Amino acid sequence: MSAVLVEDVSRTFGDVIAVNRVNLKVERGEFVTLLGPSGCGKTTTLRMVAGLEQNTGGRISIGDRVVSDAEKGFFVPPDHRQLGMVFQSYAIWPHMTVFDNVAYPLRIRRKSKAEIEQRVMATLRLVEMDKFAQRPAPALSGGQQQRVAIARALVFEPEVLLLDEPLSNLDARLRTQMGDEFRALQKRLGITSLYVTHDQEEAMALSDRVVVMHGGHILQIGAPEEIYQRPVSRMVAAFFGSPNLLDAKVSACEPEAGTRYFQLTVNGNGWQGKARASEKFEPGESVLILVRPESVRVGDQAADGALSWTGKIVSSIFRGPRTSIAIETSGVRINIEAPAILGLKVGDQVKVAVPAGGAWAIRPEDAQK
Amino acid sequence: MAVVADAGGSPDGKFAGALRRPLTPKTGILSHIASTSLGRNIGIGILLLILSFLTLYPLSMLFYGSLHSTPPGMAGEFNLDGYRQVLSAENVLILINTVGISFAKTIPAITLAVLLAWICARTDTPGRGVLEVLITLPFFIPPILTAMAWGMLGNKQVGVINMAWQWMTGTTDSPINVYSYGGIVWHMMQYSTPFLFLFIVDSFRAMDPSLEESSRMCGASRWFTFRRVTFMLMLPAIVSSFMLSLIRGIESFESPLFFGLPAGITVITTEIYNAINHRATPAYQYATALSFAIMAGMFLLVIWQWILLRGRSYTTVTGKGYSPNITKLGPWRWVTFSFCILFFIITVVLPVGQLAVGSFFKFFGFYSWDMLTLDHYSAVMQNKDFWRSLSNTMLLGLLGATATMILGGIIAYVTVRTRWRGRKLIDALAWLPWMMPGMVLGVGFLWAFAMLPGPIPIYGTIWALLLAYMALGTPISVRVMSSAYHQLSFDLEECSRVHGASWWQTLWRILIALAWPSFAVGWVLTFFGIIRELSASILLYSVGSEVLSVTLLKLWANGQAEQVSVIGLMMMLLVIFFRWVQLKLIKQRISTL
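Quick note, the sequences are listed as chains A and B, same order.
Reminder that position 17 of the first sequence reads as 17 in this note's numbering, one-by-one numbering, no gaps.
Reminder that position 420 of the second sequence reads as 789 in this note's numbering, one-by-one numbering, no gaps.
The set of hints was computed from the structure by calculation and includes no laboratory data.
Note that this is a predicted model, so its numbers are computed, not measured.
Think of the CB as a built atom: it goes at the ideal place given N, C-alpha and C, for glycine as much as any other residue.
There's no promise every hint is true.
[As the list claims (entries may be wrong)] Taking CB as the label site, the calculated pair distances span:
1. T176(A) x G496(B): 45 to 51 Å
2. R188(A) x S583(B): 47 to 53 Å
3. R110(A) x S747(B): 58 to 64 Å
Could you put the whole structure together from the sequences, leaning on the hints where they help?
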């Protein structure tokens with residue numbers, strides 16, 4: 001049985017369709033992230049699970065209980081859904097102390113004083129905020145507020161923890177640290193978590209599975225690696241970093257031994273080689289070849305069947321650990337993240353290659369319809 | 370657990386309107402009731418009813434009365450005589466007087482207010498926090514008290530100022546006479562300046578210093594920056610204060626009553642008052658027609674204000690807490706300091722001192738040791754009218770402030786936090802009294818109460834005053850509460866809902882718990898408004914339902930300036946006590962939020 005089940009859920013605001021027939025299943029103990037640009041419907045989806053927004057179509061279940069069924073007009077208000085939630089603004093109530101904030105869900109549930117004391121302190125210890133229990137809430141830094149918000153969401157052991165861009169108000173360094181800490185805590189306690197973010201690095205670092213959304217639709221669901229290396233469409237590919245997308249034609253296609261993928265031989269404008277794909281292509285079909293800039297090796301002797309180009313470096317930007325270079329070859333421009341120690345300069349003639357498995361083939365958008 | 374669509378209202382205002390639409394035709398009975406929100410419609414209906422009675426009803430009765438040839442409650446015919454009388458040559462002079470006086474006090478008052486606000490918010494003048502409290506104090510003193518005090522201070526024959534002048538120069542001429550145009554303007558300025566100061570000082574304080582710094586970095590001088598950046602950013606606040614001051618000047622009653630009538634200077638409010646109270650046969654139709662005409666004029670002024678300010682409100686106030694640029698004045702800071710103190714002395718110390726002195730001497734104007742007495746205190750203590758009006762005022766103040774703030778809190782919640790249908794109408798109705806002078810609303814209620822069916826005997830009781838005070842106070846209470854709600858993000862409520870609290874629990878534990886300091890501050894403001902109110906009270910009181918301001922006016926008219934001083938002094942103590950409580954509340958709120 002899954003912890004959260006979202007079936008065909010839609011949400012319209014007047015004529016605007018914010019969420020369009022979304023299906024999603026979150027398993028117990030799983031960390032699932034809804035990822036997408038602003039306005040893609042990810043927050044609305046989360047709010048519908050929370051009960052802060054009512055779905056206009058479809059059905060939502062939490063655990064074995066249906067909490068909202070638009071067709072039957074059935075709706076459980078948020079306070080009866082037993083969820084924990086961390087808001088983007090943290091929503092720490094400024095008129096209470098840290099202790100009171102965290103104790104709030106327990107007081108609402110009329111727990112005994114001793115139990116409240118014990119559970120609040122235990123939860124505060126978990127997020128290392130027990131020293132600040134009597135501090136008034138406004139006297140906290142951003143990171144501390146975030147810990148309190150997490151403690152408050154965890155204190156009554158909710159079935160599912162919902163997080164709405166909880167790290168976006170922190171500075172970059174703290175964001176990574178808090179993210180890692182939270183992921184460790186989540187794994188240790190096995191809390192089912194549904195997380196919303198627009199930051200792809202955050203999504204990849206934290207999640208078991210990532211749900212990429214756009215325009216109210218789900219584009220792809222999968223493990224971070226899969227989404228990154230094997231996107232189903234150009235849109236998903238372009239959402240992570242700035243990949244090279246090269247037009248090519250399929251010359252051969254055969255199933256890969258031992259996997260569910262296919263091995264393609266493709267021809268580009270003056271180059272050719274092998275790429276993987278998740279579906280079968282007919283010879284002569286157009287494909288887009290996705291090559292991540294960091295997968296390209298400079299100066300390597302190309303292995304058999306690997307894609308390779310020779311060209312002139314037209315730009316080079318030193319970024320510390322690596323150098324971003326671009327080479328131009330027979331009308332194709334390829335961006336490469338190269339190790340900084342290579343000392344590449346603009347004007348150098350270099351040979352670059354993509355090792356086997358570094359090239360991924362997807363259908364061009366116009367061909368998908 | 371089957372809990373059907375949450376009944377009774379939703380805390381998430383953003384999309385609550387859309388949320389409450391019935392989803393599909395085949396819903397269950399329970400959810401059908403909830404989705405048509407019977408409770409919500411009843412609530413909206415009751416709110417509309419109360420508001421209509423408080424604002425729309427007196428307004429339409431005003432129109433009715435202006436066409437009606439006889440006093441309220443008597444059979445008569447409908448004609449335009451009232452409006453014909455309004456269009457007379459004397460009334461042109463009255464209109465010119467009214468507007469002229471209002472302009473004459475607004476221009477110096479706003480200049481002074483900007484200067485004082487700058488000193489308090491943007492310079493290193495010593496003791497700025499205390500100065501600010503002192504400067505704003507005159508706003509909280511009922512103008513009737515300062516008017517009486519200045520009537521004594523600036524009296525041509527026995528006024529302290531003239532006596533001091535004569536003593537210093539050895540002459541017998543009296544340079545000061547408050548019973549004049551100058552006196553009216555002078556008195557209005559005193560309570561209008563701190564009011565404008567309160568409006569302007571925050572926009573001075575909350576300005577992002579980087580806006581000015583970037584001007585300096587572009588090579589602009591300090592003065593150029595002030596003119597082209599600071600002042601221009603402040604302009605919307607200044608223009609809106611200007612309009613507000615103009616409107617309040619036209620509405621003003623106390624100053625022209627005390628200083629204008631004896632000198633034969635009439636403005637619109639005193640003309641209405643005269644027509645009803647000081648003529649052999651009260652000219653109700655004329656007074657009502659005049660009231661309605663002035664209402665219409667106010668309406669045009671307010672529209673003009675809107676046009677002036679459209680799209681001009683720059684948000685210089687952001688959530689970020691930064692300290693504004695402070696100008697270092699060097700030795701000049703003692704000059705600005707003295708300036709503020711001087712303002713305080715003139716507007717508070719002088720009149721209050723006069724009241725204190727006046728209360729201990731047998732006759733005001735004759736200050737020698739053998740004239741010292743406590744007789745006036747015992748006279749006041751034995752004065753039954755005083756005790757009755759004091760208890761009336763206290764009762765009305767406590768009840769009125771509480772009722773007005775609760776009403777304002779509910780209206781603000783509906784208009785700010787929900788998407789209910791009808792909330793725009795509620796907002797507009799609640800705002801209507803904003804442009805009605807107390808005098809006009811008083812006339813409106815006179816008609817309104819008289820036209821009520823027999824079994825509702827409101828007219829002549831203190832409940833008549835209570836309703837009038839509530840109508841006058843509602844715009845402010847709505848404003849205070851809606852700004853309080855605006856500051857609270859929806860997250861705070863939603864977070865409470867998700868973590869298990871019901872709608873009522875959230876309302877109580879989060880919204881009210883967070884908004885109550887604003888509620889208390891608004892309560893004190895409304896309370897002040899009620900104890901100082903004169904213009905509506907003077908029309909609506911009757912024997913037994915006098916309030917303090919009315920009793921004071923009667924005593925003054927009987928020439929008992931000494932007893933007036935005693936009562937005035939007590940009211941001052943009350944004002945200072947409540948102001949202290951209010952400041953304490955604000956301080957607490959700032960330290961916790």
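Comparing the hints with the structure gives:
Checked against the given bound of 45 to 51 Å, the beta carbons of T176(A) and G496(B), roughly 48 Å apart, stay inside it. For R188(A) and S583(B), the Cβ-Cβ distance of about 49 Å falls inside the hinted range of 47 to 53 Å, so the restraint holds. For the pair R110(A) and S747(B), the supplied restraint of 58 to 64 Å holds, since their beta-carbon distance comes to about 59 Å.
Comparing the model with each numbered hint stated earlier shows that all of them hold.
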